[in-house]
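Residue numbers (the working numbering), protein chains in the order written: chain Z, 1 to 113; chain F, 114 to 236.
The set of hints was computed from the structure by calculation and includes no laboratory data.
Quick reminder that beta carbons are idealized off the backbone N, C-alpha and C, glycines included.
Any given hint could be a false lead.
Here are the simulated lysine-lysine pairs, BS3-like style, with alpha carbons at most 25 angstroms apart [said to hold, decoys possible]:
id, chain 1, residue 1, chain 2, residue 2
1, F, K157, F, K178
2, Z, K24, Z, K51
3, Z, K113, F, K178
4, Z, K45, F, K157
5, Z, K24, F, K157
6, F, K157, Z, K109
7, F, K126, Z, K51
Derived list of chain Z stretches under chain F, where covered just means 3 residues or more per stretch with a C-beta under 8 angstroms from a C-beta of chain F [what the hints assert, rightly or not]:
id, stretch
8, 14-20
9, 68-76
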Amino acid sequence: DIVMTQSPDSLAVSLGERATINCKSSQSVLYRSNNKNYLAWYQQKPGQPPKLLIYWASTRESGVPDRISGSGSGTDFTLTISSLQAEDVAVYYCQQYYSDLRTFGQGTKVEIK
Amino acid sequence: QVQLQESGPGLVKPSGTLSLTCAVSGGSISSTNWWNWVRQPPGKGLEWIGEIFHSGSTNYSPSLKSRVTISVDKSKNQFSLELTSVTAADTAVYYCARTYCSDGNCYKLFEYWGQGTLVTVSS
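For reference, chain F alone in the conformation it holds in the complex (with noise of 0.2 angstroms):
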């Protein structure tokens, strides 16, 4: 059973930068799926913020895009965010995610969740 953990600092001051780091277990990161970062904003609805392949290929949230940076360790299996210029609208609880795959093929919905970390910003 793949299990997948978030960590990183808590609290983040306005206009520094966001990092956390996603570590996976129970699979290899160099598997045929690709590895998400998701974010909810307290009470608030799920926002996908992008991916990464183990080749280190990624993909982003246009709204986000100019801001975010995945990153993959395949040594250490696991994989990490980095969101530039945090204002208070990026508070949230980042989740990281894996696709579902089947028969070789992956589909952009998440089968399996970290239990997520909060990350406030303020000074």
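One chain only, chain Z, in its complex shape (with noise of 0.2 angstroms):
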């Protein structure tokens, strides 16, 4: 199985400041055919299923906002939010598609300093 780290496990930002959560993989999830990492992230909100918001490690999801980014290839991945909103209150997931077993981080918490 591809083991998801992600860390911290929780953080706290200042409304307007920049948040970041990082996610490693026990593999690489580069897939040299088409060299695409096949890594996808999500949000999810109390009470809410988790919702996509970047996959193939940085391409955005329609109507995610452009404050929201990923960056990372191979086993190294984070995920950025460079101007915290208090609609951005929520966990965050990695999920690694690469494997037929599809595998998630544990998640981090994001909440408002």
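Mind assembling these two chains? They're in different frames, but the hints should get you there.
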């Protein structure tokens, strides 16, 4: 299984400040034949299902604000919220879809400081 | 816009069978997508359970494979989950979800989700 490890488990950021979440996979999720990283990010607010934010490590889903961005390659990835807004309070999950057994990180809770 | 809606009993007895259905609207279950079940124990993270294609082909998580069956009913545009021999560890919110497809290719990430349904295993 590919193990996904996120850090930190939680973080508190002031409104308007940057939030950075890291995700590390136990093996590379870069598919050499198409040079794509099989890594997605989701946002989950209380009582709601996860919402797809980012796929291919850095491609924003339609409607996702451009203050939210993804980066990284191979085994190390980052989700950045450049200017935290109140509506960004949520738990964020990374997920690899490189292997048949798709796996998620444990989640990172983002709160307002 | 595709919508998914889970339904089924909210309480299942230990050693019993959990049965849920996901109704698909706004799109055909016979499309090129795969249809998935994902669960989330209260206060915990996400776990993929398995998926089905409209042809009936399935893939399951190895850790649950011996207890899981996913089936599809094209006439009703829905798919279902059965999990046998449940224990308290199977208490979770169960989500149905559709994979992301682009340019005729589908990938194992989840573009559309149902709202989820809490299933509690307790006597």
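**Request:** Would you pick out the hints that fail for this structure and give their numbers low to high?
**Result:** Violated hints (numbers, rising): 3, 7, 8, 9; every other hint is consistent with the structure.
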